[in-house]
Structure formats: C-alpha cells, structure tokens
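Chemist: Here is what each chain is made of, one letter per residue.
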Amino acid sequence: MINNAKELTELKDFARKAMEIRLDRDIEPSPENHRIDILVCGVAGCASSGSLKVADAVEEQIQQNKLGEEVKVIKTGCFGLCAEGPIVMVCPEHVMYTKVTPEDVKEIFESHIKGGKIVHRLLAGENEYEEIRDRLPQIPFFSMQKRIALNNCGIIDPENIEEYIALDGYQALAKVLNDFEPEDVIDEIKKSGLRGRGGGGFPTGRKWQSSAVVEEHEKFVICNADEGDPGAFMDRSILEGDPHSVIEAMIINGYAVHAHQGYIYVRAEYPVAVQRLSVAIKQAKEYGFLGTNILGKGFDFDLEVRLGAGAFVCGEGSALMTSIEGKRGEPRPKPPRSAEKGLWKKPTVLNNVETYANIPQIIRNGANWFKGIGTEGSKGTKVFALGGKINNIGLVEVPMGTTLREIIYDIGGGIPNGKEFKAAQTGGPSGGCIPAEHLDTPIDYDSLTKLGSMMGSGGLIVMDEDTCMVDLARFFLDFTVDESCGKCPPCRIGTKRMHEILVRITEGKGEPEDLDKLEVLARNIKESALCGLGQSAPNPVLSTMKYFRDEYMAHVLEKKCPAGVCKSMVKFMIDQDVCKRCSICKKNCPTGAISGDKDTPFVIDQEKCVKCGVCMEKCPFKSILKNA
Amino acid sequence: MNKVHITIDGIKLYVPENYTILEAAKEVNITIPTLCFLKDVNEIGCCRMCIVEVKGAKALQAACVHPVKEGMEVFTHTPKVMEARKVNLELILSNHNSMCQTCTRSWMDCELQSLANKLSVDNVRFEGEQKKLPLDIGVSIVRDPNKCILCRRCVSACKNIQTVSVIDIVDRGFNTKIAAPFEVSLADTPCVNCGQCINYCPVGALHEKSDIDKVWEAIYDPKKHVVAQTAPAVRVALGEDFEMPIGTPVTGKMVTALRMLGFDRVFDTDTGADLTIMEEGAELIDRIRGGGTLPLITSCSPGWIKFCEHNYPDMLDHLSSCKSPHQMFGAVLKSYYAEKEGIDPKDIVTVSIMPCTAKKFEAARPEMNVNGLSDVDVVLTTRELGKMIYDVGIDFPDLGDSDFDNPFGNASGAGVIFGTTGGVMEAALRTVADILNDSSADNFEYEEVRGLEGIKIATIEIADLKVRAAVAHGLGNARKLMDAIKAGEEFHFVEIMACPGGCINGGGQPLQLSDVRNWIDVREERAKGLYKEDRATYIRKSHNNPAVKRLYKEYLGMAGGKKSHELLHTHYHARPNYEK
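Top to bottom, those sequences are chains A and X. Counting in our numbering, the first sequence runs from 722 upward without gaps. Counting in our numbering, the second sequence runs from 27 upward without gaps.
Careful, some of the hints might be misleading.
Said to hold, decoys possible - One-sided and incomplete, this derived list gives chain A residues near chain X with beta-carbon spacing under 7 Å:
1. 1202
2. 1207
3. 1210
4. 1211
5. 1215
6. 1218
7. 1248
8. 1249
Hints in this document: simulated from the structure, not taken from any laboratory. Everything numeric in this text was worked out from a predicted model, so none of it was measured. Ideal Cβ placement from N, Cα and C applies to all residues, glycine included.
The following block holds chain A by itself, in its conformation from the complex (with noise of 0.2 Å):
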C-alpha cells in the first residue's frame, strides 16, 4: 500500500535497480554481474505464432541449466514488428531475436546466455550485426519511431506494477494529486494539443472540460477498449503490454472532471487485454492508486472492468454506453452529448486507451513538451497498426507529420515482392484509401480528412498494384453491412444496396447508372445516418472512386478488372508461342478445364476454368496469361 508520494518515489527507486539492465543500454555483461533478462512478446500477435510456447522453453532452459539466480524470463508487451513474432530480446545486450521457435531456445541458451556469442541466424532483418549493442536503433523500423503511447510495451512485464512503477509508473498521479487543481489537470491537456486518437480527434482537454462544468453528483469515466477496425490492433497491444498507463490516466482523468467511478469496455475477444487489465486493476486497488483517499489526498475512484461482445457499433460512443447499461448496444441521436448526459444519464467522458496512454507522460513532462512534437494541428505521436501488402506487418508510432511514404517504405520496410504501391486505406472502414500521388503528405488529422479519408484509430492497410480497388470498396462495405446496427435506413438498407451495387460492378453486371446511384447513396449515408460509423460508412467507396474512377469505369463500360482480381471478368489464356506442351498446367488444374496433349495445344475451358490461378502459378515458362 502506497500511502503518499514519498513512498512512491522510494519503490520507484528500488524497482528501478532491479530493471537496470533493461533500461541501460550501456550496461556490459560481466562475470561478476552475470544478470540476464529475456523478454519474450506475450501479446496476441506474437502469441498466436507462439510465443508462449517460446517462454515455457526459456523457462525450461532455465531450470535446466539451474539459471534461477541469473536468468529471468519476462513476458513483455509488444515490440511491434509482429511480421518477425515471436520476438525474443535478451538483456542487457538488447540483441533481439525473431521468428524464434522452442526449438531456438536452447541454441540461444548454448550460444548466447552461456557462450556470450549472439544467435545471428536469429536476429531482427537481414543485416548481420558484428557489433551487439545499440542495433536496435540502427533498424529503421525502430530508429524512426517515437514510442509514446508504446513507450513501456516490450519492456516491462505488464503484470508486475512495480515495473510500472520503476518507469516513472503513478508519478503523474502523484504530482496531480498534490500540485495541481482538477482546472489545472484540464488546462495542462487542453494546453498540450492532445486530440483523441479513437477516430473523430476531438481536443481531448475540451472534451474533460465540458464535463467537468457540468454540475452533477455523480460522473464517470469510460475507457473506450472496443477497438473493431478490421486489422487494427493499438490499443489492444497497449492494454496488452503497459495496462497501467490507461488505469492512471484514467484516474487522472477522474480526478479532473470530479467523477469517482470509471468503466473499461473492452471486447472479450481480447481475453489476454481483459486478464492483464484485471490483475493491473487488482495490482492498483492493493497498492492504494484505486480505491479512497488515493496517495492520502482525499480522492476517492474506483474502475470497472465492462466486456463487449464484439459488435463494431459498440465503439460509438453512446452505443457503447448502453451496452454497459445492459442493453442493446446502439447509438443515440446527440445531442444531448455524453459530456451533458452519458452512462445512465449522467455527465461522462469517454477516451480511447492510446489516448489515454498519452495522458501519464503529458503530466510528467509538460504540455510543452508534447507540444513540440507533431504538427500545427496534431500533436503528439500517432499509433499505426500496419498491414496488407507491406513488409513489416506491426504495430508502429510515429511523430504526427510523418508522411506515408516514410512509414511504408522506411519503416514499413516498402512493398513485398518488388510490387508498386497503390494505395493505403487508413481509418478502417470509416477512412478511406490514400493513392501514391499523396505518398508524401505530412499524416495528421487535418490532412487525411483533406484527401477523403480519417485518421481513424490508426489502422493501415496497404494495397499493391494487385488490388483492385472496386473490390477492395466491396469489401469494406461487406464489412460495414455486416456490423450495421440496423437502427436507421440509411445505414441498414443504404450500405446494403450500396454493396448490392458493387457486387454488380465485381460480377461484371454494373450499369453506368449504379456509379450515379453509388454516389447518390453514398452522399445520403454520409448526410444522414445516425451515427458517425453509418456515416462515415460509404468513405471507402467515395475515396476510391475520387482516386480510382478509371477502375470502375473499367468495370461498368469495358466488364473489365484491370487489376486482374474480380474473378468473373478474368480471364486465362495460354500464349501458344510460349506454351512448351509440359502439361504441367493441366496437371494442376482443379476442375479440368484444361486440355491439350503433345501434339494438340494446350487450351483453357473458360466454362470450366474457376479462375484459381494456379496454372498461371504452375507453369514454368510462363505462358500463361491474365486477361489477355
């Protein structure tokens, strides 16, 4: 039990030592001090290719090689390059290893714990370090990033709070607490810029402000964790990896705007986010930061955990709500605006996790000091999850104002295969996609709403030259359809008629008219839907078809795909110049639709052919052809 914040700042102090050779990169392995931590990811992305099972084997080795005293394996939060998972970091060196297996692990013991020789065959990218320390920045993968947000994932164990603790952990709160008015907490975020990073962007000391004037007994707090954006995973590995940074802020929070109880909704498909939240939670309360007369101030706040089943709409913020009242989770007309009358009708302000991740360091260090990085309008850092078509699959942070081209290409590693870039969705479903004539605009808030699409909660997506992006539209609205509430026509007919439409268009069967009704729709959605998903829902069709128009003319008037992916209008044909009669492609073919022998051509059924591709993939001289 901490009872004020000299005692604080004495475990902090003590905590610290324990964590030296963690978080000093010029500590030398010595004999004399033969202390060893390996950090190995246990979050879901590397978990799901393992890690787990790596952590049991380090253990194992441990045990084995009677290590108990030296060694210790710590289960981290995310390190971000999930592509290279399951990470693996041995310290003091920092050497981190990827792709590692249980089976790496006694080589690792052999080599590295016990020879002093790295693992090289093992490590991060294709450079092979001579040197062991102070790689890690030498990646641009990490070297561009300004970890913030992620500032503690991949370095403590986020089930210990004293790790938390030893890195600066509730001294935020602590200095709140005893220096600063709840206007003052107010001011100082209102002061550093900070804008929420769920979706919308709203100035999040504003948002504190509007609730905190409201006169009213009871208030709360909502952490939003209800992170659906297909292929967005920030504030997952944040809860993941540094709970205890959202548990303070979030107390912070309380504290400034007069509200004593808060809720974390969270959708129970994050069981590893949902365990770790409730040991940090249970971790707080026994360490006196939750509970009443906080650090001995007099503050009294408590926090919840509340689940979500998963539904996309239950992100929206009044929707949200009412699924912690226990109904059914759908939005509500505003205003009245949750600041005004939120959960149960009371005055409540809701944040996304990285936001309030944000919320520690901006009091530790200053409005000012945020302030300095990001751009005019965006502050601060931004997470992205990246994915698609780019190497470094992961999660990444960046100064606001980094451009597109350097979050693919530098640290995203560029396009596999040597193919073109040529397009990024951001903003999930709600954003739309961004084409390579934007590469080099500056990514804030500002800036991405210009070109037609949203910062969203930051996830990425990346398409190559292979994606048509008729389909790709088609796709989010598949999406959209799916997770519409069914509350209002436009978003419960509307996107399904829109994706009616672009189901015609990727069949082949599009009428120049559907591109009218399309827009018509889509317009009207955006006008007049209920809520900010239903209307934000037709943005990957209008940005595709301000940016790509050609493609979809192209489907309507020509019934063809020009990226070769809607299968209906594809077609395989085999070049008899080329075709050297190997029958490798007939053996291959899944339905038989090719036919030909040694002295007859080899020739494709197109009633037969389902358009796999797999001949094209087969044959070794390439004859076949795509859309001839």
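Go by the hints and put chain X onto chain A.
Modeler: Below, chain X alone, put in the same frame as chain A:
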C-alpha cells in the same frame, strides 16, 4: 420555463428551451414529416425522415429529438434535406412488401404511403434484396414482418407503456427484425394481446386477426340467430373510420348500420356492464363485510387479466370472479334470452363488437361458456366493424339513429362510462353508495377517479366506510400499483384497465396516425364523448337499469347468487412465461 431565440427557415421564433425542433417548427405552421416519432412513446430519432439542416452541425439532424438552443438556425426544406428524406424513404420502400392493394392499411391511412406521397416519391431507385419472413398469426394479433419498417413504435409501446416487453429488436443490419424472445410466436409469450402495438404501427405490419368472415357466414346462414352486442367505447370511435371527428358519439348510427348488415338483434354491452356492477358491487360489499381478500380488483379487461396471470400469479385471489361485461352478456343471451325468445341456444351466434383485441383471446378461453356453448362466438374489433360497413357500401355518416333492441333496450350511463379509465370504479361507487346508504344519491359524479392521470387514488366516504379506491390504466401503471399493493399499500377496490386511457384507446379502435397522436390526446376526446352520453342518459346507475332488474327477478335471483355464479363468474390460473 426559460425561452430561447431560434430561426427556422428564416422565421424568427422565441420558444421554450425544452422544445424540440419539431415542436418549434409546428409553432410556425411547419409540419416536419415524421415516421418513427411518437410523442412520449417513441422518441428515438431512428427513421431519418424528420431530418433538417442545423447550421454548424456536421450532418443532418433529427428534428423530433433535437433540442432547440439559443441562436440555433434551422432549415427544413433545403435540397439536401429533401433529397435525404426521399432517398431514405425509397430505401425503406425497397425493403417493404408494397402489395398495398392487399394490405389491411389500404382502407385506413398508411403512414408510409402518405409519406411517399408527401415526399413525391415516384420511383424506387434502389431495389435489391427484400426480406421474406413468415407471418406470426395469433388468436388476437397478426404480425407481418415483411411490412414492418422497423420504426420500433410497437416495441416502445410494449416495453415502455405496457411493460409487457414481449417484442424487441433482434439481429442487426439488414437482418434486423422485431421478434419475441427466441423468435417464438407471440402466442407463446406473456403477450397479453392488448393490441397497443397495433395502435401505434404506422403500416400494415400489425393488425388484429380478422374474424369478419365468420360473421358473414353466420349472417347468411338462415338457421342462425345472429346477435350483436357493442361495447361502450366503440360508439365514440367508430365514426373515426368514416372521417368523423375524434370522439363523435355515433351510437344510433351504429345500431342502424348493424341492422343493415343483417344482425338479427343489436344489444348494448352496457347492459352487461350494469350486470357486472351488480355482481361486482355485491362481491365488494361481501368482501368488505365478510373479511374477504382486499383489495378487490376489477376483471373487465382481459389484457389485464392475462398480465396478472403471468406477472402476479400469487395475487389472483384479488381479482373479481366476475366475467367481463360482454362475456356475462353473452352467457345471458345463450340462457335467459334463448329461453325467453324460445330459440335453441345452439342456433344463437353472439358477436361482440369490442374496442379490444384481447377480447378475442378472452372469448376463446375454455372457461367462458354456458353448458358447453361459448358465451361469445365471435369478437370483432371496432375497426373490423368499420370495415364491414365500408365493404357493403353503407354511407355511415349519413345514417339515421336507431335504438338498441328489446328486451334489454338502452342501458345506464354507468355502463357507458365503463369505456374510459375510472369508469368501472365510478359506476361501482354509484351503486355501492346507494346500496350501503340505502338511498339514492343525487350527487354521483366521482371526479376524483376521472381523467388521464396514470394512477388515481381516492378515499370515498360511503355510509360508515372510508372506501380506499385506486385506478390504474396502461399496464406500466398497473405494474406500479400492483407492486405498491404487494408492498402493503391498502385499498378496498382497485380498477385496472390494460390500455392507456381504458377501452377508448383499446387495441381494436380506429387507428389515429402519429400526425394526430403527437398533437392531440385521442383518449381525452373519446372520453368526452362517453361522459357526454352518460349525462344524456335517463338512467345513470346500473342498479336502476330496468332490464337488469327484470333479469334478476325473472331468472338470476340475487346478485352473487347461485345462478349468477354459474353464468356470470369465472376463475383464473397462473400462466408460465416462455413455457418452452
């Protein structure tokens, strides 16, 4: 109330700050189209028909729920607004079974159709998949999900007003539908058949199960002696089916029309109401004097009875054992009347014209019979009678007046007011007071139990008694009152009607569109009609009804006697919720 300055379409207004844009616009004679909105019932802004432009707002806003604010500028008919309304309506139409010709709403106004007309929808541009779901046909209520436009008015009526909550939104997106839990039939739920959902449905997705054909069959069967009885609330509403003003009393025209349709006799259920008062009055006096279970709770409303059987099975002994007036009267018709007229009761077909859908269920209860013959053979709603009159081409508003048939003739004014909340209570008090005081009071209008207050509580001094009386209407209020009684609040006599306002607003009454209901209290207008008829009646107390007196003298003996118990009383049983 503080007021704010706003501008609507350039017109400056100064309106109370709790107004919505919709209400404010009405002040300057602009009726913004609505579909899902029902004042105090369904204020959820989901249909996106009433959308308007509010200066500074990111998207269009729903006028029905958007509060006014100082300095607000609103535009109700910009091209953007008109286009959005139209597209949204086209979208709704694209997933609506638009076989309007065969729809129950084709002869009443359909709100969807009016709206299509109002927004000049001349083409549905966005056709696509249409839902095809099975109909749910119950004893009283039919639900057609393919007509449903998901405005949720029925859900709100069922959940918020009635607290019956047997329907709600199920599934999501395009698959969204209204359904009972586990998607069972309404018949397998604690639905009480009150039909409030029908009253609020803007389209033909909800209607009563029609029994018109059964009636025609009986009328055209020469062997059958077809007898109609009409409930009090019908006479102040039937005219609305023929565009007469709300609440216009049309008793005489109604009797004329029923004869023209071919009914052999036309009687007044009010006679049954008078009979009920005699029986229930006796029961009340008996329970008070004999230390029986109190409070005695009325049993006229079959929706309420089923509600009680589902929700308060441990309190069924509070219910009066009296059958409801039309059941009592049906039983009398198949016994006393049959004997008196020399007709084989098997050849009598009793048809009750009721403002109620729950009466269809009630009439089908196995307990409701005399010697194995149903008290009531067919129940028609007010709407169904209107439809019959309309179908045969009777120009209803132009009809002359006729009187009810003998031997029952016209009933008392007390019977008439049965049709509105507080009416049964008042009728009972008129009789009980005279019996206990052994005199005839001149002052017998009990204002304290009248009106539309959800729960009315009064203490009435009669002889040496202080009668504690409570009246609740609408099942939400009934629930509150029952909980209070359960918690120990003491009453002698309690009247409960399932429908808000009582029978005048029953689930079988002519439909009044949201356009009307949002601005006028239909119940108040209809109740006025009943109180007016009560005042105009020569006999205003049940015990003074000569036909009833004769009935006791010639046939039943005394109120609460053996014969009455055989014919006029019933019993109840607990009903499980969601048996399967």
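Chemist: Which numbered hints does this structure break?
Modeler: Checked against the structure, no hint fails, so every one of them is satisfied.
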